[in-house]
Structure formats: C-alpha cells, structure tokens
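Engineer: Order-wise, the sequence lines are chains A and B. Following this note's numbering, the numbering of the first sequence begins with 3 at its first residue and continues without gaps. Following this note's numbering, the numbering of the second sequence begins with 3 at its first residue and continues without gaps.
There could be a bad hint or two in this list.
One copy or two, either will do: identical chains are not told apart, so a pair holds if it fits within one copy or between any two.
Using 25 Å as the maximum straight-line C-alpha spacing, the simulated PhoX-like pairs for lysine-lysine come out as follows [as the list claims (entries may be wrong)]:
#  : residue 1 : residue 2
1  : Lys228    : Lys324
2  : Lys199    : Lys5
3  : Lys128    : Lys325
4  : Lys5      : Lys173
5  : Lys199    : Lys12
6  : Lys79     : Lys26
7  : Lys199    : Lys79
8  : Lys12     : Lys79
9  : Lys5      : Lys270
10 : Lys293    : Lys270
11 : Lys12     : Lys228
12 : Lys314    : Lys173
13 : Lys5      : Lys128
14 : Lys228    : Lys79
15 : Lys199    : Lys26
16 : Lys270    : Lys128
17 : Lys228    : Lys5
18 : Lys79     : Lys5
19 : Lys5      : Lys26
20 : Lys79     : Lys314
To be clear, the hints were calculated from the coordinates, so they are not data collected in a lab.
Chain by chain, the residues:
There are 2 protein chains.
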Amino acid sequence: MSKYWKEIVKNIEPYIPGEQPGDKRYIKLNTNENPYPPSPGVIEAIRQGTNENLRLYPDPNCEELRETIAGYFGLSKEEVFVGNGSDEILAFSFLAFFNHGRPVLFPDITYSFYKVYAELFQVDYKLIPIDEEFIIPVEEFYAENNGIIIPNPNAPTGRFLPVDAFIEILKHNADSVVIIDEAYIDFGGESAAVIIKEYPNLLIIQTFSKSRSLAGLRVGFCVGHKDLIEGIRRVKNSFNSYTLDRLAVAGAIEAIRDENYFQETRSKIINTRERVSARLIEMGFNVIPSKANFIFISHPEVYAANLFHGLKNRGVLVRYFKKPRIDNFLRVTIGIDEEMDCFLDIIAESLF
Amino acid sequence: MSKYWKEIVKNIEPYIPGEQPGDKRYIKLNTNENPYPPSPGVIEAIRQGTNENLRLYPDPNCEELRETIAGYFGLSKEEVFVGNGSDEILAFSFLAFFNHGRPVLFPDITYSFYKVYAELFQVDYKLIPIDEEFIIPVEEFYAENNGIIIPNPNAPTGRFLPVDAFIEILKHNADSVVIIDEAYIDFGGESAAVIIKEYPNLLIIQTFSKSRSLAGLRVGFCVGHKDLIEGIRRVKNSFNSYTLDRLAVAGAIEAIRDENYFQETRSKIINTRERVSARLIEMGFNVIPSKANFIFISHPEVYAANLFHGLKNRGVLVRYFKKPRIDNFLRVTIGIDEEMDCFLDIIAESLF
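Please construct the entire structure, taking both the sequences and the accompanying hints into account.
Structural biologist: Structure below.
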C-alpha cells in the first residue's frame with residue numbers, strides 16, 4: 003500500500019493466473035495450455051524472423067496477420083483486430099464499449115478476470131446466476147444492461163451454448179455490445195463467427211494460446227462489425243501503438259496457415275477428453291460435459307481441495323478455485339494420453 | 003463512428019506513430035530506431051527459445067528479466083517492472099497513480115502520447131510551456147499537481163536536463179509521482195536511476211526499443227521505489243497477466259548481458275550524431291543540442307515541410323510534426339554513417 007496509489011488500485015483485487023511452478027517438474031494440467039507443441043512451420047517462421055529486422059518497429063496495424071485471420075473466417079481485415087492475448091482485447095473492449103451507469107452482465111461462475119476489468123475501469127456489473135448444473139440461463143440476459151460478456155464454452159465449467167442461444171441474446175440486446183469469449187471454441191464447439199455479418203453488436207474474441215499451442219507467444223484476436231473493430235483500434239492506438247512484436251506476428255500467421263496440424267492436435271485433445279471423462283464417470287465423478295480443453299469435476303465422497311493437494315504432492319498440478327459454488331470442483335486441463343493416464347491412476351488411488 | 007462506442011472513444015485523438023512504409027525502400031530516419039542490429043547473442047537466445055515451450059505461458063512476473071535489469075542498476079527486482087514497450091508502462095502508470103482533479107504536468111512540446119493517455123483515462127493535465135530554445139523551465143513544475151511526466155532527453159527536441167534539475171522537481175513534489183521517461187537516456191545523458199533510493203516518488207521508464215536495438219521485440223521497463231512498482235504491478239495484473247512473450251523475455255535478458263555490444267553501438271550513434279550536427283550547423287541549420295539518437299533541426303530559409311517532402315521524394319524518410327511551435331522543424335533519427343552522408347548530400351541539395 004502506498005499513498006501514491008490511486009484509490010482504485012488500493013482496492014482492486016488483481017486476477018491471479020494459474021501457478022507456473024519453478025520448483026520441480028509437474029504434469030501440468032492447471033493453466034489450460036495445449037499439450038502439443040506449436041506446428042513445426044510456426045517454429046520455422048519465428049526462427050526465420052529472428053534477424054536484424056528486430057531493430058525495427060513491427061507493423062502497428064498487423065495487416066498481414068489480420069488478413070490471414072480474415073481469410074480464415076471469410077471476413078475482411080477491417081472486421082479483425084489482433085492483440086497481446088485475448089486478455090488485452092477484453093481490457094480494450096471494456097474501455098471502448100462499456101459506460102458507467104447500467105451494468106455489464108456476465109455469468110456468476112465464469113472467467114474471473116471480467117470482474118477485475120469492471121473494477122479497474124469503474125464499470126458497473128451484474129452477475130447472472132447460472133444453475134446447479136452450470137447451465138447459463140439465456141433469458142436472464144434480456145435484462146437492461148450496458149453490455150454482455152459470455153465465454154463459450156464457459157470457463158471453468160466447459161459448458162457450451164449453441165449459436166442459436168446467442169442469436170436470441172443478440173436480438174434482445176440490439177443496443178448493447180455482446181462479447182462472446184471463444185477462447186476454448188476450437189475443442190468441439192461451433193463458433194458464432196458465422197453470424198458476424200448479421201449482428202453489428204457482436205464481438206467474438208479468440209486466442210492463439212489454447213488451440214494453436216502458443217500461450218508463450220501472446221496473441222489473441224477478435225472479429226466483429228468493422229465499426230466495433232475500429233472502436234477497439236482507437237483504444238489500442240491511445241494505449242500502445244505496437245502491442246504485438248515481430249516474432250509473435252510471424253508465428254501467428256503460420257499457425258493459421260497450418261490447418262492440418264491444427265485439426266490433428268485439436269482432434270487428439272477432444273478424443274482424450276472424452277476418454278478421460280468416461281473413465282472419471284466410472285470412478286463416480288460428476289464430470290460437467292465439456293467442449294473445452296479442460297474438464298470440471300467433482301466427487302461426491304472426496305473433497306476437491308483434498309484431491310488437489312493429493313495430486314500436487316504426487317506431481318500433478320490441476321486448478322482449484324476456493325470460491326463459492328465451485329469449491330468442491332477441480333478444473334483439469336487435457337494433456338497428452340500418457341499424462342492423463344498418470345492423472346487417472348493417481349486420482350483413482352486418492353479416492354481410497 | 004458507432005453508437006456502440008463510449009463517448010470518450012468518439013472524442014479521443016489516438017496517437018499516430020511514425021510511418022512504417024511498405025511501398026519502397028527508404029533510408030528510414032523517422033521512428034528513432036537503432037540503425038545497428040540487435041547483439042548476436044540476442045538473436046541466438048531468441049532462436050534457442052523458439053521451441054516447443056512456446057505452448058506454455060511465460061512467467062507472468064518475468065522474474066529472471068527483472069533480476070537481470072535490477073543487477074544492471076544495482077537495485078532489487080522489487081524495484082523493477084517490465085512491460086510491453088515503455089508505452090504500456092506509461093499507460094499503466096496513468097492508471098496506477100494519476101487521479102481526476104488536480105492536473106498532471108508535462109511540457110507543451112513533448113511526446114504527444116501523454117496527452118492521449120490523459121484523455122483516455124480522464125485525467126486532467128496542464129502543459130508547461132518550454133522556451134524558444136526548447137529548454138524546460140524547471141520551476142514551473144513546482145505548481146500544484148497530481149503527477150509529473152518529463153522525458154529526458156525530451157522528445158522530439160533531444161534536449162537534456164541534468165539529474166540536479168530533477169532533484170529540485172522531486173523535492174518540490176513529495177506528494178506526487180514524478181515520472182522521467184528516459185527512452186533516449188543512453189545516448190549521452192545521465193540516468194536519474196542513481197537517485198532512485200532517495201526519492202520514493204520517482205519512477206524512471208526506459209525501453210529496449212532504442213539503445214538496445216529491439217523496437218521489434220516490444221520490451222520496456224521501469225525502476226522506482228518498490229511501492230510504486232507494486233502499484234503498477236497491481237494494474238498490470240488487473241489488465242493482462244502475461245504482457246511479455248517468452249521470446250521477448252529471452253532476447254531482453256541477453257541484451258542487458260551484452261554490455262560490450264551496447265557500449266559499442268551507442269558510442270557509434272553518439273559520434274555520428276555529433277558529426278552530422280556539426281555539418282548541419284555549417285549549412286546554416288539551427289540544430290538543437292541533442293543527447294538522443296535523433297536531432298531536431300530547422301533552417302532559416304527553407305521551410306521544414308518542403309525539406310520533408312523533398313527528402314521523402316528522394317528516398318529519405320524523416321519525421322515532420324505539423325504542430326504549433328515545431329512545424330518548422332524536422333526530427334531526424336541518427337542512422338549509420340553511410341545513411342547520414344546520403345541524408346546530408348540530399349538536404350544540402352534541397353537548400354538550393
């Protein structure tokens with residue numbers, strides 16, 4: 003605490019990311035990283051870009067990367083913005099679209115960073131309670147608001163809402179920006195990017211950190227009506243001219259281009275998730291149906307916090323949130339098959 | 003313009019960075035990039051870091067980089083923060099320290115991004131007029147304020163203030179955070195980092211973009227009392243957990259370690275600057291004495307805008323600001339000797 007801090011900085015509770023352990027080698031199933039390395043083409047593109055041109059600023063508008071993403075979605079580059087991870091884009095979106103006054107709506111169990119943004123930028127918010135099965139009640143988002151954010155699939159539950167549900171939300175909220183945070187969409191969900199052209203108030207945020215195996219490179223993007231994109235661009239250009247370095251741009255372009263690798267690795271993760279989920283259900287776990295690269299699980303007889311510590315002691319790191327309603331659940335990232343078999347063995351032993 | 007934009011986004015004038023031309027090959031003296039490539043060790047470190055670990059998030063606290071910088075300045079890592087370029091650190095500082103109400107003070111001729119931050123974050127500001135010779139009037143910063151930012155050397159003038167001047171400003175402003183933006187300090191100025199331990203309200207921001215030849219990598223840092231650093235860290239952790247990617251961290255660490263290369267390249271730039279300045283004075287130019295990697299020049303007979311266009315047509319890009327008081331000046335980045343000889347030849351011809 004310091005007398006020099008602004009009041010808001012004294013009071014805010016910053017977001018706490020999952021542990022990045024330095025002490026020993028864990029099976030790391032705690033931060034939803036992709037267990038497969040980036041595509042070999044990505045590695046090659048970055049190595050090639052590692053040259054004397056690093057002395058020069060990057061393209062502040064990331065034209066080539068935006069064109070590449072636009073091509074992938076059948077959009078124009080004016081409908082694409084790229085940022086330093088999807089978190090930066092979320093922060094810029096709060097600055098661009100959400101006023102004081104009426105609240106921004108988001109689910110009560112969700113990515114805990116939304117609340118932090120609202121506090122940092124002094125935007126009112128209202129939590130929409132999701133039900134006992136962690137299903138998001140669509141109608142509750144028809145209430146008066148100043149904006150809406152829903153992750154799809156939701157985090158940390160993994161629950162997915164079909165595009166039709168968002169069409170209803172969009173129709174009831176023509177005066178608000180509706181953000182769908184699709185960080186985990188590539189693991190079995192259907193992206194709402196297909197309806198971008200129909201809803202000028204829809205903004206979809208995605209990331210290279212999960213399905214593209216590039217958490218270490220810090221690239222996210224969003225797609226939406228060109229006026230929304232221009233709004234975010236104005237904020238970014240009032241904040242930091244160059245948010246993506248040359249190497250991040252080079253790697254991200256290649257990650258989009260290598261479609262085969264993307265399809266192959268995401269399929270493997272989906273298959274592993276389904277196999278592990280089935281096995282956990284056999285063990286008596288409640289496994290929330292997931293379309294993400296993680297599962298959210300609870301056991302009727304062994305408390306989640308105990309399982310968390312038991313796993314950690316035996317070298318497996320998962321995520322445990324000591325928060326109301328979810329403090330008897332573990333969020334487990336889907337690793338490669340060998341890691342998950344090890345996880346299954348240890349958790350089976352922990353039940354007895 | 004869009005009905006979804008916040009009022010502030012409608013009204014703000016974003017910062018416009020120097021041109022990054024794509025049309026043809028220029029001698030590029032317009033964005034204060036370093037003409038020398040990054041150290042070979044930096045290139046090697048990044049290439050080595052380009053591996054499958056890119057699938058993993060970086061260290062959110064950048065401990066190793068902060069320790070390396072701390073060691074360089076004889077500080078502890080709690081006195082160091084790193085960010086995505088010094089611009090991001092400036093933005094975080096506005097969020098961390100500057101309240102509504104009393105104004106933040108900065109020179110009227112200075113880095114034009116400060117005004118943009120003030121508008122984006124709704125902080126009042128007051129411009130302190132600098133004199134006809136672009137000398138900053140230290141006493142004017144003793145006025146009531148909510149914070150102070152002064153670049154040293156100043157941009158785009160290149161004028162340098164000695165540490166003693168900042169000691170006076172700090173003494174008169176014990177209740178405000180005083181930020182010295184030392185983006186260009188390594189080209190002949192003396193850093194105020196030597197007085198960090200004495201003034202808990204002093205924050206010094208530096209960058210890897212200029213003297214470390216890494217504009218393309220996006221790394222900046224600041225040093226100050228640990229409570230100030232903690233304030234910025236709280237803002238960053240409420241904005242984006244991971245602002246530096248793994249490769250930026252790897253490159254930046256090596257850039258600090260390769261002291262010989264740093265000394266060698268910055269000396270070359272200083273020598274070139276002095277030689278070019280002397281030659282321009284011979285040609286009749288008013289050359290503001292510079293301690294930066296650029297010079298700010300004006301000619302009594304030929305209008306700067308004409309020189310700008312003449313140079314551009316002949317393949318030399320410099321920076322021209324169409325703004326009151328400085329619209330008859332050019333800011334010219336110091337390139338390698340061959341580039342500057344070419345610049346001198348063309349500008350000599352343009353005078354006739």
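Engineer: Against which earlier hints does the structure fall short, listed by number upward?
Structural biologist: 1, 9, 12, 15, 16, 19, 20
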